[in-house]
Amino acid sequence: MEKVIVMEKITKTFPGVIANEDIDFYAYRGEIVSLLGENGAGKTTLMKILYGLYSKTSGNIYIKGKKVEIRSPKEAIDLGIGMVHQHFTLVNPFTVVENIVLGMEENGFILELDKAREKVISYMDRYSLHVDQDCRIDQLSVGEKQRVEILKVLFRNADILILDEATAVLTPQEIKDLFKTLKILKSENKTIIFISHKLNEVLEISDRIVVLRDGKVVGETTPFSSDKKSLAKMMVGKDVIDVISQKSKNIGEAILEVKNLSVLSERGHLALKGISFHVKSNEILGIAGVSGNGQKELEDVLAGIRKPISGEIYFNGKNITGKSPKSIIDLGIGRIPEDRMENGIVGDLTIYENLLIERFDCKPYCTSLFLNYKEIRKYAKELVKEFDVRTPSINILTSKLSGGNIQKVILARIFSRSPKFLLASQATRGLDVGATEYIHGKLIEARERGCGILLISEDLDEIINLSDRILVLYGGEIMGFAMRDELTREDIGLMMTGTRKEALSEIS
Amino acid sequence: MKFPKFVLEKRSQSPAWLRVALPFGAILLSFLFAAVIILFAKKNPLYAFYNIFYGALGTRLGLMETIVKATPLMLTGIAVTLAFTGKFWNIGAEGQLYAGALAATWIGIQNLSLPVPVYILLEILIGFAAGAIWGIIPGILKAKYKVDDVVTTLLMNTIMIYLVGAILEGPWRDPATSWPQSIMIARNAEFPKLLVRSRVHFGLILGIVVIFLVYILLKNTKLGFMIRTTGANKEAAYYLGINVTKTIILTAFISGGIAALAGVGEIAGLHYHLTENISPGYGYTGIIIAMLAGLSPIAVIFSSLFFGIIITGAEYMSRVTGITSFIANVVQGIILLVMLAMLLLQEYRIRRVE
Chain L
283 MEKVIVMEKI
293 TKTFPGVIAN
303 EDIDFYAYRG
313 EIVSLLGENG
323 AGKTTLMKIL
333 YGLYSKTSGN
343 IYIKGKKVEI
353 RSPKEAIDLG
363 IGMVHQHFTL
373 VNPFTVVENI
383 VLGMEENGFI
393 LELDKAREKV
403 ISYMDRYSLH
413 VDQDCRIDQL
423 SVGEKQRVEI
433 LKVLFRNADI
443 LILDEATAVL
453 TPQEIKDLFK
463 TLKILKSENK
473 TIIFISHKLN
483 EVLEISDRIV
493 VLRDGKVVGE
503 TTPFSSDKKS
513 LAKMMVGKDV
523 IDVISQKSKN
533 IGEAILEVKN
543 LSVLSERGHL
553 ALKGISFHVK
563 SNEILGIAGV
573 SGNGQKELED
583 VLAGIRKPIS
593 GEIYFNGKNI
603 TGKSPKSIID
613 LGIGRIPEDR
623 MENGIVGDLT
633 IYENLLIERF
643 DCKPYCTSLF
653 LNYKEIRKYA
663 KELVKEFDVR
673 TPSINILTSK
683 LSGGNIQKVI
693 LARIFSRSPK
703 FLLASQATRG
713 LDVGATEYIH
723 GKLIEARERG
733 CGILLISEDL
743 DEIINLSDRI
753 LVLYGGEIMG
763 FAMRDELTRE
773 DIGLMMTGTR
783 KEALSEIS
Chain A
358 MKFPKFVLEK
368 RSQSPAWLRV
378 ALPFGAILLS
388 FLFAAVIILF
398 AKKNPLYAFY
408 NIFYGALGTR
418 LGLMETIVKA
428 TPLMLTGIAV
438 TLAFTGKFWN
448 IGAEGQLYAG
458 ALAATWIGIQ
468 NLSLPVPVYI
478 LLEILIGFAA
488 GAIWGIIPGI
498 LKAKYKVDDV
508 VTTLLMNTIM
518 IYLVGAILEG
528 PWRDPATSWP
538 QSIMIARNAE
548 FPKLLVRSRV
558 HFGLILGIVV
568 IFLVYILLKN
578 TKLGFMIRTT
588 GANKEAAYYL
598 GINVTKTIIL
608 TAFISGGIAA
618 LAGVGEIAGL
628 HYHLTENISP
638 GYGYTGIIIA
648 MLAGLSPIAV
658 IFSSLFFGII
668 ITGAEYMSRV
678 TGITSFIANV
688 VQGIILLVML
698 AMLLLQEYRI
708 RRVE
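Protein chains in written order, with my numbering: chain L, 283 to 790; chain A, 358 to 711.
Just so you know, not all the hints are guaranteed correct.
As the list claims (entries may be wrong) - Each computed SDA-like pair below joins lysine to any residue, with the alpha-carbon atoms no more than 20 Å apart: (1) K603(A) with K600(L); (2) K550(A) with M421(A); (3) K589(L) with N600(A).
What the hints assert, rightly or not - Taking beta-carbon pairs under 8 Å as the criterion, some of the chain L residues facing chain A (in silico): (4) A585; (5) I587; (6) I591; (7) P619; (8) I639; (9) P646; (10) L651.
Read the hints as simulated data drawn from the structure, not as lab findings.
Predicted, not measured: the structure shown is a model, and the values here were computed from it.
C-beta: ideal position from N, C-alpha, C; glycine also.
Produce the complete structure using the sequences and hints provided.
Have a look at this one:
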C-alpha cells in the first residue's frame, strides 16, 4: 500500500512549550487512522501543521511521495488535504449550497448555484451526508452543520480528511451516521485521520491507532490487539478508572424546584418552553441533550445572569426567580459555569484573589473598608493544598494555570462554602483524564454530604456514569426523565433527538 | 522579489522586565520621531533636546516650573489611572478639572472669614464634589444604560468648558479689567507656597497624598478589589457576585473628584482667579501619563514629572532655538501612540516566518 502522508521528525515549539517533539507519522491510502491522546498531547497541533495552519519548527512532510512545504490551508487543499475543525467555519445566513461553494476557485464572476446544487445533492447521496441543501446554516442542528463541513471538504476533491474531535458534539445516532460515511469514504480509497480522546470510538472505527502523549508518539496499535484499558494506559501513562457513582442511598427532599420556566435565548428565540423539574438533596440530576437545546439558558437563569420570561425557581422553598448572582451565591448555591475562562474566574487576578472573590466581603477576610490579606492568604494556601491545585505560588495570575487547575480553583472556591445546591455545567469539558477523574470524585463527595447537583454535560457517558436521575432536554422541552439504569444509551440518544419517552416503545 | 514575512505570536508569559522597559522604549521612540520633525525644520534635534532638558532641569527656575506643571498632571494622571483600572474610560478629566476650578473659585470669592486650613479643606471638598458629580453622570449612563463612556466623558468636556466661558463672559466677568476672568479669590483661600521664590504650592503635596491614597485604595480595600475585578472582566465580576453597577458609578465618582482637585490647585495655588484657559489640556495629558505609567499609581509620580519636563523644557527650547513649543504636543502624542502600540508587544511577540 502507498503511504499518502509521511511526516518525518516533526517538531513544533511554542514559546516555552514543545507541542510536538520528533513525531513520525504516516498514513496509507484508504486507511482510517486515529490519533489518540489527551487534551494538550499535541494531536491538533500536528494536524494543523499538516493543514498549513502552523509552520513546523523542523521536520519533513511528504505527500504522495513528494516532499512538500505546506504554508497555508490553501496549499493543503491543493494537495488534497481537507480538515473538519472542532469549531465550524460556516456562514450562518447562507444556505448549505452557498456555504459549500463559497470561496471555491472554480467560481466564475457569476455563481452557477443551480449547477452546484445538483452536484451537492449527488455528493450527499454518494456519501450518505443528508442535509436540506436549501436550508440556512443557522437552522441546522450541530450534526447537520458537521455534515456540511465534510461536504465542503469533499467538494474540494480532498482525498485526505482530517476530523478534529468530530464526535464531541454528536448524539450516539449521529456518531453512527458519521461512521457510516467514514466507511464509504474509506471504500473510495480516501484516507481519514480521526482525532479523538474517546476510546470506544477509536476502537470501533480505526484501522490503526497512533497514541500521542506530551507531544510525542508513545505507541501504535490496532483495535485487534488492544482494548480500552490498554489504550487508556498508553494515553495517560498510568492505569485509569472511570468514576462511576454508586446510586445515592439517602435521597432527600427537593432542594431546587423549577416551575413552568420559559427563557429567551440571546437572539430572542424561546429557548426553554415552560419546563418543570426538581433536584433533591443527596441527588445528582443529569441533563442530557445536544448542546444548544436550552442547556445554556437553563444554566444562565439558575446562575442569576439571565431573567426568565415566565415561571419560578424555588430554592429551599424560597422564590429566587430573577435574583442577582450575588444573592444566589449568598443563599448557598454553588455554580460551575460552562465557560470557565469567562465566568468561572477572572484570569487577570491572582489565584488567591479568585479564591476570595465570592466572599471578599465576609469576615474574617475584610474589615468594614479593608481587605485582610493575612487571613486571605492563609485561606487560599489551605484551599490550594486541599484541592491539589498545581501552582508554584498563590500569587500568580489564574489565567496562567492549565484548564484542570483552573477548574480546581473554581471547585475549591465553591466547595469551601459547602453549597446546598450545585449547578455544574460542562464541568470536565476539555480536561485531561486525571482532572476529570478528580472532579467526578468531588461531585460525588458533595452529593454524599447532602448537596443536590444539577449536572449539565454534553458528554453522555459522564451523565450516565454520575447521575441518579436523567432529564433529557430537546428543543427547550423535557423529553422525559429516566431513573438510573432505566433506559439504554440508545434510548437516551433517541430522546436527545426529539423522541419523547412515551414514544420510545413505538419506535422499537 | 520575496519579502520577509512577520507574524504576531501570543506570548505565553510576558517577562517582567518588559513592563518596565516599555515606557522607556516609548519615550526613546517618540524622541526619534520628534527628531525627524525637527530635522524638517532644518534645526539640530540634539541641540533642541539638550535645551528641553536644560530648560526644565538645568536652572532652579526651570526645575521649579517643572514641578509646578507636574502638580495638576499628577492629579489628572492618577484620576485616569483609577478610572482605567476599572475600565471606566474617563476621557473627561479636562472637564472635571474645570468643574473643580469653577467650584473652588466660587467658594474662594465668597470671602468667608475662615482660618486658612479650613478654607482650603472646604475648597478641596467642594471642588472634589463638583468633579465627582460631573464624573458620575457618564458613570451612571454607562452602568445603568450602557451608554459609551468614551463618548459621554469626552463630550462633557466641551459642555463644561463652554459653561465656564459663559459664566466668565457673563455674571463673573471681572469688573476691574472687564476681561472674561473672575475676580481674585480671598487671600485666606490661597494654597500656601512650599518654597520661597517659586510657584511650587501645596497642590504638590495634595497630588502625592492622593496618589498614595489611590495606591492603598486599589491594593488594600474592598472597593479597590471591586474596581480591579470589574476592570479585569466585567462579566465574570458580575457572575461572581460583584456589584458591577455600583463599582462603575463609584469609580466614576472618585475619578471625577480627583481630576477636579487639579483644577482646585490651579485656582487656589497658582492663578487665584478663574480664566477660560487655566488648563492647556492637563486632563488629556493625564491619559497619556496614566498609560505611560502602565496604570501603576506610584509610577504616575514619575510619569507626570516627565511631562512637566517636556512642557516646561519645550517652552525654553522654543525661545532659544526658534522651534515652536508645539513640539511638546508632538512628543506627547507620539508617546501615547507608541505606548499603545508597545502595549501590544507585552502580549505578543513579532516573529519572522520563512
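Taken at face value, is the distance from the CA of M421(A) to the CA of K550(A) at most 20 Å?
12 Å, holds
Verify the proposed pairing of K589(L) with N600(A), using a straight-line Cα cut of 20 Å.
17 Å, holds
Minimum beta-carbon distance criterion (8 Å), I639(L) to chain A:
5 Å, holds
Less than 8 Å between beta-carbons is the criterion; does A585(L) satisfy it with respect to chain A?
Hint on A585(L): holds, closest Cβ of chain A at ~7 Å, below 8 Å.
Closer than 8 Å between Cβ atoms is the bar; does P619(L) clear it against chain A? Give me holds or violated.
7 Å, holds
Just to be careful: measuring from the Cβ of I591(L) to every Cβ in chain A, is the smallest value less than 8 Å?
21 Å, violated
Satisfaction of the P646(L) interface hint, Cβ to chain A closer than 8 Å:
13 Å, violated
If you take the shortest Cβ to Cβ gap from I587(L) to chain A, is it below 8 Å?
6 Å, holds
Restraint check for K603(A) with K600(L), where alpha carbons must lie at most 20 Å apart:
The given pair, whose Cα atoms are some 26 Å apart, is violated under the 20 Å limit.
Quick one, is the L651(L) hint okay against chain A at 8 Å, beta carbons?
With Cβ-Cβ at 5 Å, under 8 Å, it holds.
Against the hints set out earlier in the document, violations occur for numbers 1, 6, 9.
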